[in-house]
Amino acid sequence: MDVTITEYLAVDLDSERWKCRSCGHLLGSARADYKHGLLVHARNPAEIHKPMLDPTKYAYTYCPDPNWCAMLEFYCPHCGTMMEVEYTVPGHPPICDIELDLDDLKRKWLKWQAEGIDLAPAKLAKTPAATKPAACGHNHGQRGKA
Amino acid sequence: MSLSDQTLNAAEREKVQRFLATNTPFIGPDWDLLRDHSASPRDACEAQVLGGAFNADEFDDIRASLQATLDESFDHTQNMIVSPAARFGDMTLCIFTASGDLSLASTRGVMSFCANAYYPIKYVRKYFENDPSVGLREGDCFIFNDPFYGGLHSPDQGSFLPIFHEGQLVAWAGIGLHEGENGAKDPGGMGPNIESPWDEGLKMPPFRFAENYLVRRDIMNFLQNSCRDRRLMGADLKVKLAACMRIEKRLKELIKEHGKDVLVGGLRHNIETLSAEAQRRVNEIPEGTARGQIFLDTTMREDVLIRFHCAVTAKGGKLIIDMRGCAPQFANRPINAPYSSIRCGVLMALAYFIWPDIPHTPALLAPIEIITDPEGLVSATPDVPTALNMQPLFKVISLLHAAIVRLTFGTPLKYANPMAPWFNQVVSFMYGGITQHTEAVGNICGDLNGFPGGAKWNDDGEHSLCPSFAVKVDIGEAEDVEEDLPFVYLVAKRLLLDNVGFGKFRGGGGYEFAISNRYSDFWGFAAIGGGSKFSTTPGIFGGYGCSTYPVCRIKNVDVFEAIKRAPERFQPSMIYLMNEQPFENATYDTHRAALPFEMAAKGEVYLQSQGAGGGYGDVLDRDPERVMKDLSERVVSADTAREIFKIVFDEATLAVDIAGTARARQQERSARMKRGIPYAEFVKQWNRDAPPPGVPYFGGWGTTDFKLFVDGKLSDTDRPRPVYMPDPKDVRIAQLEAQLEAQLHALGQGK
Ligand SMILES: [Zn+2]
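Chains as they are written, first to last, in this note's numbering: chain A, 1 to 146; chain B, 147 to 897.
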């Protein structure tokens with residue numbers, strides 16, 4: 001069973017592996033950092049955030065300082081989809097931004113399936129009607145308002 | 147007391163105890179109260195009502211009436227208040243239980259102003275209510291602004307008023323807002339020049355300023371004499387009292403209708419049901435940890451690199467927000483944030499971006515635990531200035547927002563559109579001086595509220611919509627500003643080209659603006675932003691972040707005279723004015739986005755641009771027609787369409803070559819796979835044990851196991867003292883002296 005995690009990542013609960021949602025390729029153990037299964041490129045920030053002010057005239061130009069700010073682009077090795085961009089300091093180890101508890105994930109998905117909840121990706125939940133649980137467990141004189 | 151216990155008899159012991167209890171030389175902040183955001187236990191009346199049979203629908207009616215009361219009072223107050231920020235909506239009205247827990251707040255405004263207000267109320271109850279020199283009576287009204295007594299930062303002021311029924315305290319009414327001018331070192335109550343808590347102007351722990359529903363003239367006189375803007379201070383004391391009295395009046399009407407007990411139960415019920423709902427929602431988050439870091443590139447006086455790191459863990463029904471590994475405090479820079487300010491950021495992220503569908507009150511924090519280093523930039527002590535603690539606070543909003551999106555994106559139980567972080571910098575000018583109406587003023591422009599929105603999972607972000615710290619406030623009208631104040635907008639609310647977070651869905655764009663003093667002989671500006679060297683707002687899931695934003699200045703010119711002489715030389719564009727330099731003999735420069743207060747002569751020009759919301763998803767997945775629409779609306783340039791989004795199109799007709807675009811995008815994907823390096827190989831060459839040489843880095847270095855660096859050097863302790871920065875002018879003088887010495891030495895005239 002595939003469980004959606006981000007725009008581009010799913011976890012195949014059976015094999016416990018990360019999966020690219022763009023091309024379907026398996027990427028690496030879902031008990032480890034998904035970035036371990038990706039390609040990385042340190043992009044020159046000026047290629048994306050071009051200087052708007054003349055760099056020969058000014059110290060600050062709307063372009064990040066490449067000695068301070070690096071951009072790490074993470075690509076799927078099978079289809080080249082850019083799954084994440086990390087703004088970091090040159091030399092700083094990449095951050096593990098998602099660490100799943102797979103066992104809890106399995107428990108929750110089985111529970112939601114059993115409850116008949118629509119598990120389509122990124123489907124918004126409606127605010128549940130039960131936003132006013134009576135703290136004492138009572139709910140006397142219910143007038144049945146909408 | 148052990149000595150006394152042995153040597154004193156019971157009567158003497160009692161006397162000593164009484165003496166000590168009534169002769170505390172200094173009370174000071176109550177750290178337990180400050181840190182503890184949980185609701186007080188039910189009081190007797192609440193326990194009696196909620197422990198028995200009650201009608202939840204009646205509570206619902208009461209809540210609706212209270213909400214209407216708060217929103218109605220908000221509108222009234224917004225029309226009476228003098229504070230410019232509050233007129234733009236930077237204000238909150240709220241109602242508390244007798245114990246001091248916030249029950250409900252106005253839907254509009256900025257909830258941070260009241261998020262910590264439980265603390266000064268509980269403080270008054272704990273220390274003053276039974277003190278015969280203070281006491282608590284009907285018609286009292288209190289004021290506070292000190293960040294270590296429930297304020298957010300010193301320019302904000304809050305007031306609260308006890309509500310009695312037949313002699314029994316039943317509730318509190320409260321209001322909080324950004325007043326601005328408070329007698330700080332520079333006009334407007336905050337600014338880069340603030341170097342100590344004593345530079346921050348008035349610091350008010352809660353005290354009574356009104357009795358019998360009347361503002362005390364002696365106290366008003368004292369407060370007016372303590373700041374530059376006497377009209378604002380005087381008038382707004384009365385407006386704050388009036389706002390609280392209006393809430394009191396309505397509450398008493400509700401008591402008449404429902405009875406005191408039901409009302410008291412209803413106030414408490416709001417808190418308990420919201421806490422339970424927040425708990426239920428946290429229970430549904432899959433367990434795990436999401437992490438992020440954001441870097442701030444300024445102390446407000448010098449360029450430094452400051453790390454904010456946040457690990458958010460859902461586990462066992464708790465959401466644990468771990469902020470350890472951030473930078474130490476700065477002893478003489480105003481960007482330190484007390485713990486209570488960080489908690490506000492947490493509440494804002496939850497209420498505005500994660501659970502916008504339920505009432506925004508601190509009850510949502512029930513399942514939240516916040517961990518910080520004992521002392522640090524996000525857990526500041528009263529020895530350091532905190533006037534610009536929005537800098538850490540706004541980063542916390544982005545970090546927590548992104549972390550929860552990562553933890554919940556794929557789950558069916560979400561209550562808001564998953565999106566990239568909202569812009570998170572303070573872009574606006576502060577001003578001070580004497581107006582054309584001969585009034586002394588000091589405050590901030592409403593442009594502050596023009597943050598662009600993050601891109602959503604299914605749509606683009608909004609352009610300059612509202613700040614990350616409030617969803618229903620305004621940027622104000624240039625015409626209103628120009629009527630009150632002596633400067634004019636030469637460029638107003640014009641979207642800056644290519645200033646969006648690129649992605650499958652792009653973040654919202656920010657507008658540029660330029661202002662110039664036209665009418666005052668005594669006027670100045672300041673700015674309080676960061677992010678001029680390092681992008682502070684990231685994208686998400688492959689989207690890019692915002693650019694970096696300086697302040698631009700054109701000095702030694704009277705632009706109004708220059709326009710009169712040669713109107714064709716002016717264009718309402720920062721890029722044109724700065725790159726073309728059309729005014730002869732003027733000086734043009736850029737400055738980090740924090741600009742200490744300086745005088746601005748008539749006709750000198752100050753320019754800035756709002757930032758950009760983070761982008762969502764891969765740029766190559768963006769619908770080409772959306773790119774063409776952005777191009778036609780001047781949101782992105784043709785170069786960006788071609789080079790970043792890889793669209794092949796006809797520039798004259800904006801017709802997309804669909805097959806050509808698909809080919810160009812496939813080429814780019816192949817190019818990525820060629821230039822990308824497998825992770826294991828990449829980190830071998832990339833990872834370093836320390837920040838780059840020459841970068842003044844402050845904070846933890848590393849992902850889960852941090853090493854703390856202070857000014858780029860490894861710290862020998864994990865609890866470093868507050869960092870004392872040298873005066874940038876002294877640093878500059880030393881550099882120039884060294885240069886001079888070297889030149890003299892070369893001439894054989896050195897020491
Ligand atoms: Zn793929």
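If you're looking for bench data, these hints aren't it; they were derived computationally from the structure. Check the hints yourself; a few may be wrong.
[What the hints assert, rightly or not] Here are the simulated lysine to aspartate or glutamate pairs, DMTMM-like style, with alpha carbons at most 25 angstroms apart:
| # | chain 1 | residue 1 | chain 2 | residue 2 |
| --- | --- | --- | --- | --- |
| 1 | A | K50 | B | D407 |
| 2 | A | K57 | B | E275 |
| 3 | B | K820 | A | E47 |
| 4 | B | K461 | A | D65 |
| 5 | B | K602 | B | E779 |
| 6 | B | K830 | A | D2 |
| 7 | A | K106 | B | E730 |
| 8 | B | K639 | B | D835 |
| 9 | B | K395 | B | D468 |
| 10 | B | K618 | B | E218 |
| 11 | B | K602 | A | D2 |
| 12 | B | K461 | A | E47 |
| 13 | A | K50 | B | D704 |
| 14 | A | K57 | B | D704 |
| 15 | B | K859 | A | D33 |
| 16 | A | K57 | B | E730 |
### Message
Hint by hint, where does the structure go against what was stated? Just the numbers, ascending.
### Response
1, 2, 4, 6, 7, 8, 9, 12, 13, 15
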